[in-house]
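Engineer: If you want the building blocks of each chain, they are given just below.
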Amino acid sequence: MPLVWFEGDCIKCAMCAEEAPKVFVFVENVGPQVKTEIDIAAHGEDIKRAAQFCPTGCIKYSL
Amino acid sequence: MSIMSNAYMKMFPMEAEKKMPSGKRNSALEVPEFNKAWNLYRDTSLDIMKRYEYMAQCVDFTDKDTEAIKESKDIIAANLKAILDHIYYEKLINDPWLSRWFRDENGKIAKEYVDIRRARQQRFLLKVLECKWDEEFWNFVRWVGAVHVPIFGFEDLYIPVRLNLALWGYIHQYLFNLFARELKNDPEKLRRITTAWTKLFWIIIDIYHIDYFGIWM
Numbered sequence: 001m002p003l004v005w006f007e008g009d010c011i012k013c014a015m016c017a018e019e020a021p022k023v024f025v026f027v028e029n030v031g032p033q034v035k036t037e038i039d040i041a042a043h044g045e046d047i048k049r050a051a052q053f054c055p056t057g058c059i060k061y062s063l
Numbered sequence: 001m002s003i004m005s006n007a008y009m010k011m012f013p014m015e016a017e018k019k020m021p022s023g024k025r026n027s028a029l030e031v032p033e034f035n036k037a038w039n040l041y042r043d044t045s046l047d048i049m050k051r052y053e054y055m056a057q058c059v060d061f062t063d064k065d066t067e068a069i070k071e072s073k074d075i076i077a078a079n080l081k082a083i084l085d086h087i088y089y090e091k092l093i094n095d096p097w098l099s100r101w102f103r104d105e106n107g108k109i110a111k112e113y114v115d116i117r118r119a120r121q122q123r124f125l126l127k128v129l130e131c132k133w134d135e136e137f138w139n140f141v142r143w144v145g146a147v148h149v150p151i152f153g154f155e156d157l158y159i160p161v162r163l164n165l166a167l168w169g170y171i172h173q174y175l176f177n178l179f180a181r182e183l184k185n186d187p188e189k190l191r192r193i194t195t196a197w198t199k200l201f202w203i204i205i206d207i208y209h210i211d212y213f214g215i216w217m
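Those protein sequence lines, which keep their order, are chains V and U. For the first sequence, position 43 (counting from the first letter as 1) is numbered 43 according to our numbering, and the numbering increases by one without interruption. For the second sequence, position 179 (counting from the first letter as 1) is numbered 179 according to our numbering, and the numbering increases by one without interruption.
One thing to keep in mind: the hints can contain errors.
Straight-line C-alpha distance at most 25 angstroms; calculated DMTMM-like pairs for lysine to aspartate or glutamate [as the list claims (entries may be wrong)]:
no.: 1; chain 1: U; residue 1: K111; chain 2: V; residue 2: E37
no.: 2; chain 1: V; residue 1: K22; chain 2: U; residue 2: E130
no.: 3; chain 1: V; residue 1: K12; chain 2: U; residue 2: D115
no.: 4; chain 1: U; residue 1: K127; chain 2: U; residue 2: D60
no.: 5; chain 1: U; residue 1: K36; chain 2: U; residue 2: D60
The hints are simulated quantities; they were obtained by calculation from the structure and are not laboratory data. Remember, it's a predicted structure, so these values are computed and weren't measured experimentally.
Given only the sequences and the hints, what does the whole structure look like? Please build it.
Structural biologist: Okay, here's the thing in structure tokens:
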């Protein structure tokens, strides 16, 4: 089953939510969250891009 | 009348006179060359891809240059951290003027904010290295420029053009010295890569500043 999650220290730059807005949402004072009820496999490329741009490399995925 | 408008009216008293249309034809507006120029101006103002294509044609930015930038990927990727350190720690947060935007309310450097800006700069460089000169990329460049002026209502954020030019100039020379060092045994490759980056820098600087000057761009 495809999965995406955060691991490590997020600096709350919000770039994941900008790169893959269908997958991530940025909640003020909390940080980025993975949206619920989405088809993760359908957004694989967006997730890879967001993970590439994440400055702390804390976006992990299994697609 | 304010002091400023008083001073203006003293300097330009003709402005106070009633304006009357002269009714004269301006033949310059009717020649085909003017219409062509006007259409070009209009198209390159409204359509970002036409803007890119026009600028690329002006500076002769071709597929060969794109290939040369791809060739430089390995050098930049291997030095990405050092490049960002230089931009941030040697310049942005140490320069008395530039560092102003990286300080907290107590005047100290806001480290977390610096990290976030640095991450965004990294994304910008990585996007450039993807070499996809499409509408999405140029809109991204334009957006990065636009968020540095208060067009979105955030009046505190205004980075003067001179500071942008100072920083672009600094990045330019830093990259070129890096290429010169890494490619000292391959002058032809060095020429290809520095030529391509010079052209790209000029196009980026133009599109980056579109929203700085509104209609004048």
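Engineer: Out of the numbered hints, which ones does the structure contradict?
Structural biologist: Result: hint 1 breaks, nothing else.
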